[in-house]
Amino acid sequence: MSALKTDQRVPEDENMTGDSPTSPPPSNRSGNEALREMSNPHRGRAIKDLIARIAMWVSFFVAMVPLAWILWTVVSKGIHLLLSATWWTGNQRNINSSDVGGGARHAIEGTLMMAGVTALIAVPIGILTAVYLVEYGRGGLARAISFMVDILSGVPSIVAALFIYAVWVTTFGLDRSGFAAALALVLLMIPVIVRSTEEMLKLVPNELREAAYALGVPKWVTIVKIVLRTAFSGIVTGVLLGLARIMGETAPLLILAPYTKNFQHDLFNGNFPTLPMMINQDRGDFALASAAARMWGTALTLILLVLLLNIIGRVIAHFGSVKK
Amino acid sequence: MAKRIDVSDLNVYYGAFKAVEGVSMTVEPRSVTAFIGPSGCGKSTFLRTLNRMHEVIPGGRVEGKVMLDDQDLYAPSMDPVMVRRTIGMVFQRPNPFPTMSIYDNVAAGLRLNGVRNKKTLDGIVEQSLKGANLWNEVKDRLSKPGAGLSGGQQQRLCIARAIAVQPQVLLMDEPCSALDPISTLAIEDLINELKSDYTIVIVTHNMQQAARVSDRTAFFNLKATGEPGRLIEIDETTKIFNNPNEQSTEDYISGRFG
Ligand SMILES: Nc1ncnc2c1ncn2[C@@H]1O[C@H](COP(=O)(O)OP(=O)(O)OP(=O)(O)O)[C@@H](O)[C@H]1O
Ligand SMILES: [Mg+2]
Numbered sequence: 001m002s003a004l005k006t007d008q009r010v011p012e013d014e015n016m017t018g019d020s021p022t023s024p025p026p027s028n029r030s031g032n033e034a035l036r037e038m039s040n041p042h043r044g045r046a047i048k049d050l051i052a053r054i055a056m057w058v059s060f061f062v063a064m065v066p067l068a069w070i071l072w073t074v075v076s077k078g079i080h081l082l083l084s085a086t087w088w089t090g091n092q093r094n095i096n097s098s099d100v101g102g103g104a105r106h107a108i109e110g111t112l113m114m115a116g117v118t119a120l121i122a123v124p125i126g127i128l129t130a131v132y133l134v135e136y137g138r139g140g141l142a143r144a145i146s147f148m149v150d151i152l153s154g155v156p157s158i159v160a161a162l163f164i165y166a167v168w169v170t171t172f173g174l175d176r177s178g179f180a181a182a183l184a185l186v187l188l189m190i191p192v193i194v195r196s197t198e199e200m201l202k203l204v205p206n207e208l209r210e211a212a213y214a215l216g217v218p219k220w221v222t223i224v225k226i227v228l229r230t231a232f233s234g235i236v237t238g239v240l241l242g243l244a245r246i247m248g249e250t251a252p253l254l255i256l257a258p259y260t261k262n263f264q265h266d267l268f269n270g271n272f273p274t275l276p277m278m279i280n281q282d283r284g285d286f287a288l289a290s291a292a293a294r295m296w297g298t299a300l301t302l303i304l305l306v307l308l309l310n311i312i313g314r315v316i317a318h319f320g321s322v323k324k
Numbered sequence: 001m002a003k004r005i006d007v008s009d010l011n012v013y014y015g016a017f018k019a020v021e022g023v024s025m026t027v028e029p030r031s032v033t034a035f036i037g038p039s040g041c042g043k044s045t046f047l048r049t050l051n052r053m054h055e056v057i058p059g060g061r062v063e064g065k066v067m068l069d070d071q072d073l074y075a076p077s078m079d080p081v082m083v084r085r086t087i088g089m090v091f092q093r094p095n096p097f098p099t100m101s102i103y104d105n106v107a108a109g110l111r112l113n114g115v116r117n118k119k120t121l122d123g124i125v126e127q128s129l130k131g132a133n134l135w136n137e138v139k140d141r142l143s144k145p146g147a148g149l150s151g152g153q154q155q156r157l158c159i160a161r162a163i164a165v166q167p168q169v170l171l172m173d174e175p176c177s178a179l180d181p182i183s184t185l186a187i188e189d190l191i192n193e194l195k196s197d198y199t200i201v202i203v204t205h206n207m208q209q210a211a212r213v214s215d216r217t218a219f220f221n222l223k224a225t226g227e228p229g230r231l232i233e234i235d236e237t238t239k240i241f242n243n244p245n246e247q248s249t250e251d252y253i254s255g256r257f258g
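Residue numbers (our numbering), protein chains in the order written: chain S, 1 to 324; chain R, 1 to 258.
Note that these hints are calculated values from the structure, not bench results.
Predicted model only: the values in this text are computed from it and were never measured.
Heads up, the beta-carbon is just placed ideally off N, CA and C, and yes, glycines get one too.
Check the hints yourself; a few may be wrong.
Pairwise CB distance ranges, derived in the manner of DEER restraints [what the hints assert, rightly or not]:
#	chain 1	residue 1	chain 2	residue 2	range
1	S	VAL65	R	VAL56	50 to 60 Å
2	R	ASN136	S	VAL62	52 to 62 Å
3	R	GLY151	S	SER146	49 to 59 Å
4	S	ALA317	R	ARG141	50 to 60 Å
5	R	ASP180	S	LEU203	26 to 36 Å
6	R	ASN136	S	ARG43	56 to 66 Å
7	S	LEU128	R	GLY151	34 to 44 Å
8	R	LYS139	S	VAL62	49 to 59 Å
9	R	MET78	S	ALA166	50 to 60 Å
10	S	LEU203	R	THR120	51 to 61 Å
11	R	ALA178	S	LEU50	50 to 60 Å
12	S	LEU83	R	ALA178	57 to 67 Å
13	S	LEU203	R	PRO58	12 to 22 Å
Chain S regions said to be covered by chain R (calculated; three or more residues, Cβ under 8 Å) [said to hold, decoys possible]:
#	segment
14	76 to 83
15	206 to 213
The shape of chain R in the complex, shown without the other chains (with noise of 0.2 Å):
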């Protein structure tokens, strides 16, 4: 199921802004990789760009390659709508479609790209509300709309949502910023046992998140406002935590910063 990213030398425009800088990576399978930095790095935009997310943006633009084992994503043979299928994606804001009930929520997926079976849906909704720790609350009124939920269990709805379509790669951009501490921690735990069958990259602010979640954390920074992001170091994260190989790595994580 899970596959592995590899990112070399990848620049991200809006226009003519140039907002990400030749940035090359390895995203590991069946581990989470956690991406840190300051506001306005290009964290968002970066991950946005392992599912050509950020092309839907007018005047979005990538150069560069991004390969998910062997298949370039940027190939021009390569449709982005099947990217997506392959790599889903967890917003910020948890964003259920509001005219939908809970159960229509996590077959939204399936059901748009053609999949009718009842029995089938029936099952994969299951499957995905337990993945997401969400289905004990509420199994009862799955047919109620998930607009209805508190904003943690819109999350975790959302997190369903995404596992339904059962892609390789879950990118997940500050899943839990508008989340409570026990929402927050809910979804870590999720997050710890998705990995075992997901590749899953999470942007967070939070350091503690960072270093309670991921096997390998990532470092953006910028230079100055204005100035494209780039990735400064990507390690294990106890590596960047402890004792990481740049100044400004060390600065940002130790709170001395800017």
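Just chain S, same shape as in the assembly (with noise of 0.2 Å):
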């Protein structure tokens, strides 16, 4: 149907082209003619315009409107317990549910922890096997592994734990612990490393390799020094990205690491503090004013750990970027 009408219309667009300086000089009629349409742009066009920005308008704030409910009502009830220094400098050892006060420094630390330790293993893997792919991939060896990450993608963070869960506590005999609950994040993390990386990779012109090439540079130093820095900003934006991702998943720790309200920085012995979890804790005991506060408390906490990463992420962006 709009395509019909598009196409009705099309002979008009033409007459407007019709009188370009190209064309011979129009007789005064159709010279008038011309300007009227040109000061008077076409109603359908008009109309469809209006259309399309309302419709854009609208869109944007049915997508605002659950974003600036949510982070309204985190601020509104956490806020106050983010404003206290106990709460960075604390943890809940030996306070319930029903206590006001602690701190949440045992999860901040917790979740950086396992995250840095998620990032350690995830990331050299990720952007080793985007290089693979894009610089030396080619053929069957090369489709089976995107096809592989491709999977792993579209894996369920449970499913991915419960596999941790059956290689690490079933097959080995080890406990839940810290680390434990990290492997199976790396396994949500790499596939987002991978893609990220890969299509910043993409990105780089072959003419740079080529460039280099030319200059006698061997392939490795190559990509190292030339695809690799020239993407970085693009790499690093991917991995904040995915450590964004990981940071806030809870079915990883709720089956592989207990939570803890106590200081713990060993990741192979032993329950593991996070914020995820202690959200987790406090839900439990919603009813009480404590708790519930507590958990919008360590809610914020989470999406400020988060926001703070972002803004590392692009500073760091900022200044290794391309110059212009």
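Work from the hints to combine the two standalone chains into their complex.
Encoded structure:
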């Protein structure tokens, strides 16, 4: 229907362009017509433009409302906890759900540690895989790896967690721990890193690789010093997006890393505190005002942590970006 | 510094497609050799076989022999990286490294191959930029990004970058096609100066340019699209432009072609 409409309008458009300077000078009359058409844009087009504008703004607000609502809820209900110093220095030891007070430092540190260890394992694997796929991979093996990455990126976090549980606990007979949860997060983070890095590497023009080869620079040096360097800011952004994703993952923690209210810096032994698990803990006693407030405070802390990571990423990306 | 290139019976393939067939020629040292011919006849392809850049393309394959003085460039023991260090290349579109400053761009070839000495680098950067007639324009902003230069300046930067590694031969694939007449003239002057030290091969679609800068000219042609390109003739530029041996050369040069 709409295609038909545009087809019908084609001749009018041609009329307009037909009065361009390249065509013979128009008679007075058609010149006036052209002028009128220009000063008085076609109504159908104006209406479509208006509809598209309205649709755009409406969808913008529809998308913004839940976001603003979430932020408002979390901030208004949780901010007062974050204003006390003990929130940033203390833990929840000996604090019951009905008690107020204590801090979230144990969970902040735990989440950062776990994310750090996850990134330490996932980032090199992910980047090297992407480099292989883009710079070296041809034929069957590359296709197989690429397919596997696709599958991995579709694996639900709870399945990744159960897989690690089956290997770590059932097969090897090891205890649940922060590290086991980090391994499950690695599985979730790798495909994010591979895909984002791949995209960034593909954006590096082939001319730059050829320029380096033509200077007698070996391929691997070209990749490290030219290709990865040029794609650096994009890769950093991808890594941070991956980190942001896994920091809020909860299923692997539920299955593999039981919560503790204490400080715990050992990823290999015993329970491990993290922000999502702290939220989960207080969620159980949501009816108590103290627990509910703590839950919102922890949620806000997690959001701020992710935000902070994003800001750091932008700063790094800004300073490492292609110079103009 | 400059060396002679001897090509005998070279076939060049992209996968199963034979792009260039049976090329034999000699490129004289300390002179400029121009490649001319219609689009798609394999000038770029053939040029890239001279420094083994062709094989970086997936499926790229070469048969035949290329000698640099007495070294066989395609001998199994020959390292393509070393070949490219000896035979530099300038591309059609200027391609400075976007993350690097002007200085770093010129120093890139040396740095990436392990030269660290600041004094050595400073000297070579200055000398190369002077060699590329760019020094006066950029000497006060060496630390500014190379991508911030004009197109013509960028192309001269790329030439500086190529000569900074002190190659024996310089291959140029339509180095002026993206440039204005003034930048083109600057680069042609530069080619004239460089030929006292280097063996230069230049691909060009501009007949006047070939006539102006080259000592010898090679004319390539292809029978039909899909057929491999061939070398029709190579001779002194004056001979090619005034009295070529082949009718097709005459037709091409006088514009009576296809
Ligand atoms: N990467 C590639 N893969 C497959 N075929 C290619 C590739 N590059 C070039 N060819 C083919 O090889 C033939 C020669 O191309 P080439 O680029 O060498 O021509 P040319 O003489 O440099 O043309 P131009 O004057 O337009 O630059 C053409 O038929 C072209 O389609
Ligand atoms: Mg070409």
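Against the structure, the hints come out as follows:
Taking 50 to 60 Å as the suggested C-beta distance range, the pair VAL65/S and VAL56/R conforms, at roughly 52 Å. Taking 52 to 62 Å as the suggested C-beta distance range, the pair ASN136/R and VAL62/S conforms, at roughly 59 Å. The beta-carbon spacing between GLY151/R and SER146/S, approximately 37 Å, falls outside the hinted interval of 49 to 59 Å. The given range of 50 to 60 Å is broken by ALA317/S and ARG141/R, whose C-beta atoms sit roughly 25 Å from each other.
Range check, ASP180/R to LEU203/S: about 29 Å between beta-carbon atoms, so the 26 to 36 Å window is met. Our hint of 56 to 66 Å for ASN136/R and ARG43/S holds, since their Cβ atoms are close to 60 Å apart. Range check, LEU128/S to GLY151/R: about 36 Å between beta-carbon atoms, so the 34 to 44 Å window is met. As the Cβ distance of LYS139/R to VAL62/S is approximately 57 Å, the hint placing it in 49 to 59 Å holds.
A hinted range of 50 to 60 Å holds for the C-beta pair MET78/R and ALA166/S, which are about 53 Å apart. Take LEU203/S and THR120/R: their Cβ atoms lie about 34 Å apart, and the range 51 to 61 Å is violated. Distance hint for ALA178/R and LEU50/S: a CB-CB separation of about 43 Å, inconsistent with the stated range 50 to 60 Å. Between LEU83/S and ALA178/R the C-beta distance comes to about 60 Å, which sits within the given range of 57 to 67 Å.
A hinted range of 12 to 22 Å holds for the C-beta pair LEU203/S and PRO58/R, which are about 19 Å apart. For the segment 76 to 83 of chain S, the assignment as covered by chain R is violated, since 0 residues bring a beta-carbon within under 8 Å of that chain's beta-carbons and 3 are needed. With a threshold of 8 Å between beta carbons, the proposed coverage of the segment 206 to 213 of chain S by chain R holds, since 7 of its residues qualify and at least three are required.
This entry does not satisfy hints 3, 4, 10, 11 and 14, going by the numbered hints stated previously.
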